[in-house]
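Engineer: Could you put the whole structure together from the sequences, leaning on the hints where they help?
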Amino acid sequence: MTLPTVDSLINNMSSDLQNLLDQRAINQPAMVGIHTGGAWVAKALHQQLALDQALGLLDITFYRDDFTQKGLHPSVKTSDLPFATDGQHIILVDDAISSGRTIRAALNELFDYGRPASVILVTLIDVLGRDLPIQPDIIGEQLDLAPQQRVKLNGPDNMHLTITHVN
Amino acid sequence: MSLTIPPHKLQLNEHGQLKHFLTTENLSTEILTEILDTAESFSSVGQQAVKKVPLLRGKTVVNLFFEASTRTRTTFELAAKRLSADVLNINISASATSKGESLMDMLWNLEAMDSDMFIVRHQDSGAPHFIASQVCPHVAIINAGDGRHAHPTQAMLDMYTIRKHKGDFRNLKVAIIGDITHSRVARSQVHALNGLQVGEVRVIGPKTLIPHDMEHLGAKVFYNMEQGLKDVDVVIMLRLQKERMNSALLPSEHEFYRLYGLTTEKLAFAKPDAIVMHPGPINRGVEIETAVADGPQSVILKQVNYGISVRMAVLSMAMSGQSTEITTSESINGEHGA
Numbered sequence: 001m002t003l004p005t006v007d008s009l010i011n012n013m014s015s016d017l018q019n020l021l022d023q024r025a026i027n028q029p030a031m032v033g034i035h036t037g038g039a040w041v042a043k044a045l046h047q048q049l050a051l052d053q054a055l056g057l058l059d060i061t062f063y064r065d066d067f068t069q070k071g072l073h074p075s076v077k078t079s080d081l082p083f084a085t086d087g088q089h090i091i092l093v094d095d096a097i098s099s100g101r102t103i104r105a106a107l108n109e110l111f112d113y114g115r116p117a118s119v120i121l122v123t124l125i126d127v128l129g130r131d132l133p134i135q136p137d138i139i140g141e142q143l144d145l146a147p148q149q150r151v152k153l154n155g156p157d158n159m160h161l162t163i164t165h166v167n
Numbered sequence: 168m169s170l171t172i173p174p175h176k177l178q179l180n181e182h183g184q185l186k187h188f189l190t191t192e193n194l195s196t197e198i199l200t201e202i203l204d205t206a207e208s209f210s211s212v213g214q215q216a217v218k219k220v221p222l223l224r225g226k227t228v229v230n231l232f233f234e235a236s237t238r239t240r241t242t243f244e245l246a247a248k249r250l251s252a253d254v255l256n257i258n259i260s261a262s263a264t265s266k267g268e269s270l271m272d273m274l275w276n277l278e279a280m281d282s283d284m285f286i287v288r289h290q291d292s293g294a295p296h297f298i299a300s301q302v303c304p305h306v307a308i309i310n311a312g313d314g315r316h317a318h319p320t321q322a323m324l325d326m327y328t329i330r331k332h333k334g335d336f337r338n339l340k341v342a343i344i345g346d347i348t349h350s351r352v353a354r355s356q357v358h359a360l361n362g363l364q365v366g367e368v369r370v371i372g373p374k375t376l377i378p379h380d381m382e383h384l385g386a387k388v389f390y391n392m393e394q395g396l397k398d399v400d401v402v403i404m405l406r407l408q409k410e411r412m413n414s415a416l417l418p419s420e421h422e423f424y425r426l427y428g429l430t431t432e433k434l435a436f437a438k439p440d441a442i443v444m445h446p447g448p449i450n451r452g453v454e455i456e457t458a459v460a461d462g463p464q465s466v467i468l469k470q471v472n473y474g475i476s477v478r479m480a481v482l483s484m485a486m487s488g489q490s491t492e493i494t495t496s497e498s499i500n501g502e503h504g505a
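Line by line, the protein sequences give chains A and B. Position 143, counted from 1, in the first sequence is what our numbering calls 143; the numbers after and before it change by one each time, with no gaps. Count along the second sequence from 1, add 167, and you get the number used in our numbering.
Hints are computed from structural coordinates only; laboratory data are not their basis. Treat the numbers as computed from the prediction; the structure is a model and nothing was measured. Among these hints, one or two may not hold up.
Short, incomplete list of chain B residues facing chain A, as computed with Cβ under 8 Å [to be verified]: (1) THR205; (2) SER211; (3) SER487.
C-beta: ideal position from N, C-alpha, C; glycine also.
Structural biologist: Structure representation (structure tokens):
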């Protein structure tokens, strides 16, 4: 499978996102990236769109739904939202969406900070195979992977995608 | 099962992760650092409008305090509640043990109510270890202070405070001052500082209140504040327990304050940017001068605040270690299906 370059995807996403913001008449959105890969993508989009609000970061570890099966995920990062979420239009960014569980957790965490006016979901990669009714508004590329295949974003410098196989 | 498995081994599962938290003795640098890192990530929860994360939703945490405590019990309670656990506070003196029910019977009953975690404070050294090994092996036991043995969560919140204000442990000189012999806090601090590879640990106090094994533990012993405080980065005062005053170990409260009380003059022997810590409750004018306790170098109230995040870290790590399956990392974000 030939994988697209991340830079070209981010260029396209950035213009799609600007169009969506214009269409919805959103002037001062705040952007939030999900650790770790989502934060890298968000940083690149944040720069391209030249947003005024500082970039926010979410670590959804404490909101995951598999704690009782898998325990605490090691190397937890800190969530940091440097703006008030109440009434704020938020662009939520992750590197990939597959089951939708990460986004479910991220939305729950976001709402524990306040009540956003709206949330736009942006993901670099959309891997088919959702468990939950959650769809991104903007995607970079859709991939149809075999069950044992996983897509991985490498970064933060020279971001590129690779496919790995699990047993 | 017997008590032959020592606490530092009993508290880890087969993957080397915490499943109880009984002592800081012999814990690896990695686990100690993981506790501090996890605590750091919980620090943002206090800034949320809803100060809760759903990690321990549906879990029952029992605070079993056989000894009086306000700060420790309330911060444990707050930590468990911020993790969304259901919390029971059991006041032992008012419970059925005073009606003749044995401790074992009470614990078995609590276990039968499907409790997931006991936070235990007890006047006898080794009580939490005993409960973990003999009574309730499938319940996570957190030591909230046992006799003269250990107070590991207090030691870890102290380590968190030091790292927050001073950074890398390897370059630091830390002095612990006061009644070392009767202090479970001091013992746990020395073990944790050793585990975190601190530059130098000193203990300062009267000969009668410093145990003989301190040098074996890697601590330098001083009987004089001027010598002991020279060039230290962190000054940790211990509470002088009033009941010790009546024993033959100390001449008088006044004499102790004159020799070992932390005054502005004595603090000047330490580095100018040294921080002053105290596990509380503080006895003003007994071990610490008010001007120092409330002064610019004091981080005593910050310690209380940090205690919540550190206890959230320990509770969630122990609960995590109790679950038998081990995390394997996959795909993006380490998830199967991001």
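Engineer: Compare the structure with each hint and give your call.
Structural biologist: Now for the hints, and whether the structure bears them out:
no.: 1; hint: THR205; result: 6 Å, holds
no.: 2; hint: SER211; result: 5 Å, holds
no.: 3; hint: SER487; result: 3 Å, holds
Checked against the numbered hints given earlier, this structure breaks none of them.
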